[in-house]
Amino acid sequence: MSSTSKRMRALVATGAIGTTMALVLAGCGARAGDDTAAAGSSAAASCVDTSGDTIKLGFLNSLTGGMAISEKTVSNVLHMAADEINAGGGILDKKIEYVQEDGATDWPTFAEKTEKLLTQDCVAAIFGGWTSSSRKAVKPVVEKLNGLFFYPVQYEGLESSPNIYYTGATTNQQIIPAMDFLAAEGVKTLFLAGSDYVFPRTANAIIKLYAAKLGIKIVGEEYVPLDKDDWTSQVAKIVAAKPDFIFNTINGSSNVGFIKAYYDAGLTPAKTPIISVSIAEEEAPAMGHEVTGNYASWNYFQSLETPTNPKFIESWKAYPNSSGVTSDPMEAAYISLYLYKALVEAAGSFDVNAVNAAAKAKPITFDAPEGKVTLDGENHHISKPGHIGRINADNQFDIVWASDKFIEPDPYLEGYDWFPADIRKQLTDAAG
Amino acid sequence: MTKKPWISLSGIGVFAVLLLAVAPLVLSDHWLNNLGKYCCWAIAAVGIGLAWGRGGMLVMGQGVFFALGAYSMAMHLTLETAGDRVPGFMVLYDPLAPLPMFWEPFRSTGFTLLAIVLLPVVVAGALGYALFKRRVKGAYFAILTQALAVALATLISSTIRETGGDTGLSDFKYFFGFVLNDPANRLMVYLIAATLLIVCLLAVWQFYRSRFGELLVATRDAEERVRFLGYDPANVKLVAFVVSALMASIGGAMFVPIVGIITPAEIGAAASILMIAGVALGGRASLFGPALGAMAVGWGQSSLGSTWPDGWTYILGLLFVVVILFLPNGLSSLPARLMRRQRPGPVEPPAPAIAPAELEEVKS
Chain V
1 MSSTSKRMRA LVATGAIGTT MALVLAGCGA RAGDDTAAAG SSAAASCVDT SGDTIKLGFL
61 NSLTGGMAIS EKTVSNVLHM AADEINAGGG ILDKKIEYVQ EDGATDWPTF AEKTEKLLTQ
121 DCVAAIFGGW TSSSRKAVKP VVEKLNGLFF YPVQYEGLES SPNIYYTGAT TNQQIIPAMD
181 FLAAEGVKTL FLAGSDYVFP RTANAIIKLY AAKLGIKIVG EEYVPLDKDD WTSQVAKIVA
241 AKPDFIFNTI NGSSNVGFIK AYYDAGLTPA KTPIISVSIA EEEAPAMGHE VTGNYASWNY
301 FQSLETPTNP KFIESWKAYP NSSGVTSDPM EAAYISLYLY KALVEAAGSF DVNAVNAAAK
361 AKPITFDAPE GKVTLDGENH HISKPGHIGR INADNQFDIV WASDKFIEPD PYLEGYDWFP
421 ADIRKQLTDA AG
Chain L
433 MTKKPWISLS GIGVFAVLLL AVAPLVLSDH WLNNLGKYCC WAIAAVGIGL AWGRGGMLVM
493 GQGVFFALGA YSMAMHLTLE TAGDRVPGFM VLYDPLAPLP MFWEPFRSTG FTLLAIVLLP
553 VVVAGALGYA LFKRRVKGAY FAILTQALAV ALATLISSTI RETGGDTGLS DFKYFFGFVL
613 NDPANRLMVY LIAATLLIVC LLAVWQFYRS RFGELLVATR DAEERVRFLG YDPANVKLVA
673 FVVSALMASI GGAMFVPIVG IITPAEIGAA ASILMIAGVA LGGRASLFGP ALGAMAVGWG
733 QSSLGSTWPD GWTYILGLLF VVVILFLPNG LSSLPARLMR RQRPGPVEPP APAIAPAELE
793 EVKS
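Protein sequences, first through last, are from chains V and L.
Residue numbers for the first sequence follow this note's numbering, so the first one is 1 and each next one is one higher.
Residue numbers for the second sequence follow this note's numbering, so the first one is 433 and each next one is one higher.
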């Protein structure tokens, strides 16, 4: 009997010690509503070392898992940009020393690695990511630790953060131009097909609102999880709905299954063309089927004729492990490192607050392969030209439509009266 | 199994001092937070050790119970952050729809804590009752639990507005009124997780020493004989299964404030198997094996996965094969084996992964 009571005592004692320690600590921790609560980031002092002749930057992409096939390219082009900048003398005369981390296509891993890069490796800024889910995992961590994250892929908009710079398109630079193109083509009915996650769902919510304004009828909307590639039953619904056009927000390898089902069902680009926002020069040859005649909406195409594009294509083709073709996400990643360089040089410092102040002080520009882009210091997005390309037999894109000027980034669609103000308010409230 | 109880108990004591006192002093914030995450997996692993190591039930879907705790906690923290408003991610997909009904009760702290404890007990209780009374066991039981984990992960992925889908739930600002960004509060959350791990270890230590523990091992090794002796093996297994589910739920609940995000990938088939892998590596039937194995796998993922992203999964796989081949009782049996080699004595037979009686049934 006595041994049982001893055991019980041991159990109770451990519980009591742990609870007491936790409670004592709780006494000094901030609570909801405290004044200090707002200044949570002040707790994390920056540990970035700027004394030497190098500066540490973090590169974070999925090198393993399902997204590796896309993200390795972004990672590789970041390495190329770093090599180029180092060959040119570095940033503020400091050579870039990068720490590469693997996000492993797992969103909590993205959060963990972000924290590691900022607190253990003490990097001045982090570059990378691809899926919106990975960005949404990184966002609270960079905000908490007052770090910087440069995100290089087109996304669904409706977001801004003092700690994130977005060098890919927001909705009014990719989705809305695509809809304008469809309206100009005289499209009357549209079918929405997407992967089941945050980007396609949000993009389609916006497409539906704008379609109502343009008088385009949405005749169907289907989703399949990111990791599934059987589209047979969904494509059967497309055949039955007979749309003029298909708006494709499918991401990654699921596109292969979609394209297969599309041709198996007897659909053709001549009668039911697809406009995609995730199929670029890299993906087109990997579809396992001829995709000639279908469309894509991007800001950058390899076929663009700008002063800086030939050099970019040439450097990339010569770079080790290069895929040989350039595409929009890799160009945006390339921009992100140069944009950071321009920001730091304008600020004269690697300090996050100084960099953000420099972004607001005067317009930061960069002669990108897509043209001269300008950073909006308030919402941390960049201006971009809108382009629609049509896939040709070489799996390159013939430009069939271009916006008349560079489109200013408008992540919350404030300049579009068809986007309901109360939704915008709810979203900004929820973000703040 | 343990002949000298005080050795195990003082082992738990040393472990407690290391986790609660030494680790916070020597580890950086980042590694302490990682250690907290490993503690959550270890809590679930202790439960797997009980159900699988001692009970012979290969629970391949502990992600289901991990999810019950994790999503209960995550829903509460999301609502706490959102206040009176509908959470931001829901507004994105359908701006005008209200909060889903099943979210409402999770506003309450009491309901959330109760749900973390009661949901796994009810679900595992009903499931276990239905399965064990029908004498479903062995490979059938393993496949069934695994299928449940896959089904739940798919369900969560496809209900994006209700659960956050593949992106998961994240961006929690508060933990029951405490600001999560505050380092002192983060230390508090870590200490709660570490304490819960110690409490779970003490609980199974007590279980293993009790008559119930003996009965559980007897059921694992010779279920029919236990039945002939007048006990109902179904009840014995049910208790072990429910306790292991409860531990997985507690681990999941603490995972959320520590890691700051929960997604279906953390609870699906792969995650559930990784939990089993840690337990097998450490030694499924031992007291410390499951916890230490789970923590080692977690550490490998953070550390080796960082320096060698492509290689780490191969290392884990290789280690797994080597351990199963040469150390069927896990790494924790290594010291005893080495000692025995020097001083020959009675050799303990390895605990079978699936009880011999069940194997025969599978064969027939």
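Hints listed in this document are in silico derivations from the structure and should not be mistaken for laboratory results.
One thing to keep in mind: the hints can contain errors.
To be verified - Covered stretches of chain V, as calculated for chain L (at least 3 residues, CB under 8 Å):
(1) 90 to 104
(2) 135 to 146
(3) 183 to 191
No residue lacks a Cβ here, since even glycine has one placed at the ideal position from N, Cα and C.
Results of checking the hints against the structure:
1. Check result for the region 90 to 104 of chain V against chain L: holds, 3 residues qualifying (beta carbon to beta carbon below 8 Å, three or more required).
2. For the region 135 to 146 of chain V, the proposed coverage by chain L is satisfied: 6 residues have a C-beta within less than 8 Å of a C-beta in that chain, meeting the threshold of three.
3. Residue count for the region 183 to 191 of chain V with a Cβ under 8 Å from a Cβ of chain L: 0. That is fewer than the three needed, and the coverage hint is violated.
In the structure shown, a violation is registered for the earlier hint numbered 3 alone.
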